[in-house]
Amino acid sequence: MNLTKVDEIIQEYEGEDSWLVMILQDVQEDFNFLPELALKRVAEQLDIPLSRVHNVATFYSSLSLKERGKHIIKVCDGTACHLRGFVNLRDEICRQLAIKEGETTNDKLFTLEVVACLGACALAPVMAIDGKCFGNMDTQKVEATLDLYRKQTQK
Amino acid sequence: MIKSIQELSKRQAKAQKEYYCDKVRISVGAGTCGLANGAGEVLETISDEVDKQGLDFLVRQTGCVGFCEGEPIVDVMIPGLPRVFYRDISPRKARELVQAIAQRDFRSEWALARLDKDNLLVELERDVSGKLNGLAKVPALHELPFYKQQAKIALRNCGFIDPHNIEEYLASGGYSALAKVLSSMEAEEIIDSVENAGLRGRGGGGFLTARKWRSCRKADGYPKYVLCNGDEGDPGAFMDRSIMEGNPHSVLEGMTIGAYAIGADRGYIYVRLEYPLAVENLRIAIRQAKEYGLLGENILGTDFSFDVKISRGAGAFVCGESTALMASLEGLSGEPRAKHIHTAEKGLFKKPTNLNNVETWANVPVIINKGWQWYSKIGSDNNKGTKVFSVVGKVKNTGLVEVPMGISLRQIIYDICGGVPDKRQFKGVQTGGPSGGCLPEKLLDLPVDFDGLTEAGSMMGSGGMIVMDDRSCVVEIARYFTEFLTKESCGKCTACREGVREMLELLDKITIGQGSTEDIELLEELCCYVRDNSICGLGKSAPNPTLSTLKYFRDEYEAHVVEHKCPAGVCRELTKFEIEAETCIACGRCIKACPVEAITGEKKVAHEIIQEKCIKCGACRDTCPVDAVVTL
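From first to last, the protein sequence lines are chains A and B.
Going letter by letter, the first sequence gives residues 0 to 154 in numbering that gives the first Met the number 0.
Going letter by letter, the second sequence gives residues 0 to 631 in numbering that gives the first Met the number 0.
Heads up, some of the hints might be wrong.
Claimed, not checked - Calculated pairs, DSS-like style, for lysine-lysine (alpha carbon to alpha carbon, straight line, at most 27 Å):
1) Lys16/B with Lys140/A
2) Lys140/A with Lys575/B
3) Lys602/B with Lys140/A
4) Lys9/B with Lys140/A
Don't read these hints as lab results, they were simulated from the structure.
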């Protein structure tokens, strides 16, 4: 595992441990999750106990110690989305990908996450794939939306 | 680099001239909602068509004007003519619109509204009333029911200026307030103005802003910190996102004024992770403000310096709580602490700290510019100024609405937002997110302000307003918020960690039909315990959704436990759908909508649900055009 990227990220924050939450987010962006070795490196470089790094890495819901898929699907369970069909939308995605909330497909293509609110409530229900927002979703649109990303991979 | 206050006014005048130049300007609302609705493609198409036709048009992107229902929204400004807003512009329409505008044809059939007077910008007015040129049939923006009762202070300029270009903020009189305080106001005078204006924190608690500033100013210690809470964790609220995306400089200017009054030289903006565009736009704004000498060392040539950094949250609702937010900024897990030591004295890094939310900061420059006398005339007693609400859920015109405080729920939901769609019945409105409550129809005339809502058992919160119709189950909504809070409780105090989880268990039991009348009583008792024994605001207010629904919708709880029925047809274990043969028009829509192929039927034959296959998702009911799907 190449950890020079971790060092670079810490450099960007001038080795300040107060930026730990941001540092871990950037490391995750690079590795797609937080590998144990990277966490150890962060602790070493910031000169803080590994337990503190673990404490932060497990406290915040966007940080993941598990390997995630290539595309991250975030289904919004904000109040507006909840009222306008979140449950059906999530269930349909689960059905199509044959995974549960929080899991990754066998081919490592998709990870399904449920998030508190994407802040696009007017377009409820909403889901986002790799940060791109899809509004006014319904169960019938799920397959076509997922296909956009499946095709990307085939190319 | 702008080195003096005189130079700033020159730059503003120049920027205004450029903003209202002699060219046609087309802007696309490219906030998160706009982009999710295809604004990116619309913007590309417009640029492409302008190039193709060799037109000398300016193409810009702006933030959101708040009318989310009409996204993507495009506005066109032709010199000397009213500004025209268009709704639901697809790439195909966009291309046609460019061609039409080139011929001076307004395509008024696509127009949402026209704006004769650009007085929405704080400092400047452009009046072209009377020059209608075929636009007579297009309503004026201020006459639209959606905008008629609105008063834009915090959302001023959102959707009107390009957030990526500081020049446009200057054109709207931006940074005048900062110049005013640096050149002619003492710190105490600024705090007095904010106090007299009656500004209360827009993040939820409604604490007097000036009082916080004053205690932080008086506190001993160096450095002092000024923070902006952009964590906006309440699901259903997105006004802070809209401000950060659409008018980031208003937040920076407000913070800089606050820092000057408090005597701070550094600050942070804490933005939640789910708002990447807000982070990007704030980054650009900070960079530009520094280049212009409006942030950083020796602002506007004075000896006042202030620097701001952005920090991203990592997905923890509790970090909207002030002490948890500070813990997160220190690189720790976001656990709140008891507040017997005030953060004004010992906050971030144990130094004097002042925290206000995005909307509060955005109000500050206007109070300084227009004066507290002007500001304090807006709103009701003890609740001065405006508040932005995000009105969403089962309502016709979803969007961001900024109204003077004290206006009634009915005015917001019915007059401005058009009421409940699809001829459904209004059931209730949830305000204040997971810390707030659910109010019934009989309270629709309640004045909406900090005090009114708290008295009714709900709260203002950050301003989320979620409208529910007769197909929304209030028990399920209470369960939903309680589940949310179970996940988001940081686990530090027992009352919240264990209590909220026990509440969820009872609510779960009730929604699957296994609850009893005793469970409802136990639930109520537990709610009071959690409310009275939790450390921080999250736990103290966690029972609000349950307590308020118990107070106003007890019959619905009873229907769940006594009759084992969910009146709204939402709780799956208590619901059975059937198609009324005599009402069914055999259109086939429900067959297509059913995700599990549980509906049979063909043309001219009434459809039928196969109960063994049905998963009670209600997709058939939502799609049926004649309400033939009923619950038993």
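Exercise. Do the alpha carbons of Lys16/B and Lys140/A lie within 27 Å of each other, as the hint requires?
Worked result: violated, 47 Å
Practice task
For the pair we were handed, Lys602/B and Lys140/A, check the Cα-Cα distance against 27 Å.
Solution key: With Cα atoms ~24 Å apart, Lys602/B and Lys140/A stay inside 27 Å; holds.
**Message:** Given the hinted pair Lys140/A and Lys575/B, is their Cα-Cα distance within 27 Å?
**Reply:** holds, 25 Å
Are the Cα atoms of Lys9/B and Lys140/A separated by 27 Å or less?
violated, 53 Å
The structure fails hints 1, 4 (numbered hints given earlier, in ascending order).
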